[in-house]
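Residue numbers (my numbering), protein chains in the order written: chain A, 1 to 128; chain B, 1 to 215.
It is worth saying that the hints were derived from the structure and are not from the lab.
Straight-line C-alpha distance at most 30 Å; calculated DSSO-like pairs for lysine-lysine:
no., chain 1, residue 1, chain 2, residue 2
1, B, Lys-108, A, Lys-90
2, B, Lys-108, B, Lys-152
3, A, Lys-90, B, Lys-135
4, B, Lys-81, B, Lys-23
5, B, Lys-135, B, Lys-81
6, B, Lys-81, B, Lys-131
7, A, Lys-90, B, Lys-81
8, A, Lys-14, B, Lys-135
9, B, Lys-23, B, Lys-131
10, B, Lys-23, B, Lys-152
11, B, Lys-23, B, Lys-108
12, B, Lys-131, A, Lys-90
13, B, Lys-135, B, Lys-108
14, B, Lys-152, B, Lys-135
15, B, Lys-152, B, Lys-81
Only a predicted model underlies this, so the values are computations on that prediction, with no experimental measurement involved.
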Amino acid sequence: MANVGIVIVSHSPKIAEGAAEMVRQMVGDDVPLAWTGGNSGGGLGTSFEAISEAIDRAWSDAGVAVLVDLGGAETNSEMAIEALPAGRRKRVVICDAPIVEGAVIAATEASGGSDLETVRRVAEELSP
Amino acid sequence: MGSSRASDDRRDDASDALDQERKRRLISAVARRVIERADELSALDAAIGDGDHGANMKRGFEAVLQDLDTLSAMSLPDLLKGVGMKLVAKVGGAAGPLYGTLFLALSKELPDAPSRAAAASGFGAAIAAVKARGKSDVGQKTMLDVLDPAFKAFVAGGDAASVREAAYLAADETVPMRATRGRASFLGERSVGHMDPGARSASLMIGAVCDELGG
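Excised from the complex, chain B in its bound form:
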């Protein structure tokens, strides 16, 4: 973890705003990862929900990619707001307002060049906003069951690889959970044994960000 600490410390200087090319690569990595895995997300959703999570997320991120040039030229807060509004407008389903809220809250919280501490505090506030929007909390078999553990791994000082690992592991850990929020909660016990599609999409997005930032 030595080398990653060094790069984290450098980011703590808060002097190096993400350049345009880096922003472009980040947005594009997250969008492409979700689009590539759309069928998998829909298959997970078909098992315990209404089967449209992949198609919905794909539509949202295709709209994001269409604006890639404009978005990557923006400051980080404006970029996050732009992505959030696209997701709210295009995703439909419950994931649109929830992921939209995540990005919009990040846009309010993060400066253009966040230090590690500012990033942690921003992510914490954004997760709280998602909880409020969904009237939900950790343990209900939702995206929060990935967002929260990944956040905790980051706060604990984890590097990109360990945050990514925490996110993927947390998505796997939704399999034995019983859903008590969202469409899957209608299934009660029958939701047990399936990975939550929202948890999976959250892990894919976090994974893509970590791949990109971890270099």
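Just chain A, same shape as in the assembly:
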């Protein structure tokens, strides 16, 4: 069984890329990982299409955990998930967790082979 994949969605491509770099340092290539940041105009923001592509890049049959920063990152991610084919839709979750810490701990948990619910729960334990 494949490990759960991780997607990092930030308004800032630098934050998303930096968080992904920290994840890679922890788990190497054991976990499918993708990041996206910035809107379709190249500014700060998020893009529905880019998020859909990131979910696709990090796809795992075990599911995908998405880490987001502010408001629009979450709503755009929700829309991207709802637009997935029915078979995939239920296997992608947004973690209510801080983006950097959440991504690192979710990936670490995923690298041990935990299922999607466990990965999400461990990440969400970080939320105040």
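Following the hints, complete the assembly by docking chain B onto the known chain A.
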């Protein structure tokens, strides 16, 4: 209000689908109004948010205008879906998925030639979809504080002018509100005294539709 009731009653026949030219004028009116006011929207957003609402909305509606010919040839539900998908894809920021959800929900709810009753029920469902998407409700200093009062004015039998008036007034009424949802909520009390940019953009779009339909 007598003359407007008459035209409303005519629309209740549900026989006259919007013709292509009318659709073109409606889409174009809404898009141009938002694009014209982009600087104002960004200035409002700079005061209590991240300052990109105008630029984001402008990018979305410019993409809509690029497809004006295709969109205006579609049935009303397909047209609304097309506009919604453009906004989702191009706006970015929180407004993209929220306005996208509004248009996509309308596309699911409205027939090609909606009666007044069908329009009311469609708008009600679309506003509920925006509330669910934003995990938000009326009173939190958001676009909902314009969408909901404008909807209520319409349901109460208001003509285009009174719906437009309700929308503009409702946007003004977000000024003294304290934001409890969206980026402005980070400012707490400091969000008081500024008009909500999402409420303003919603009022501009409703205003443009009412100008066009009110004839």
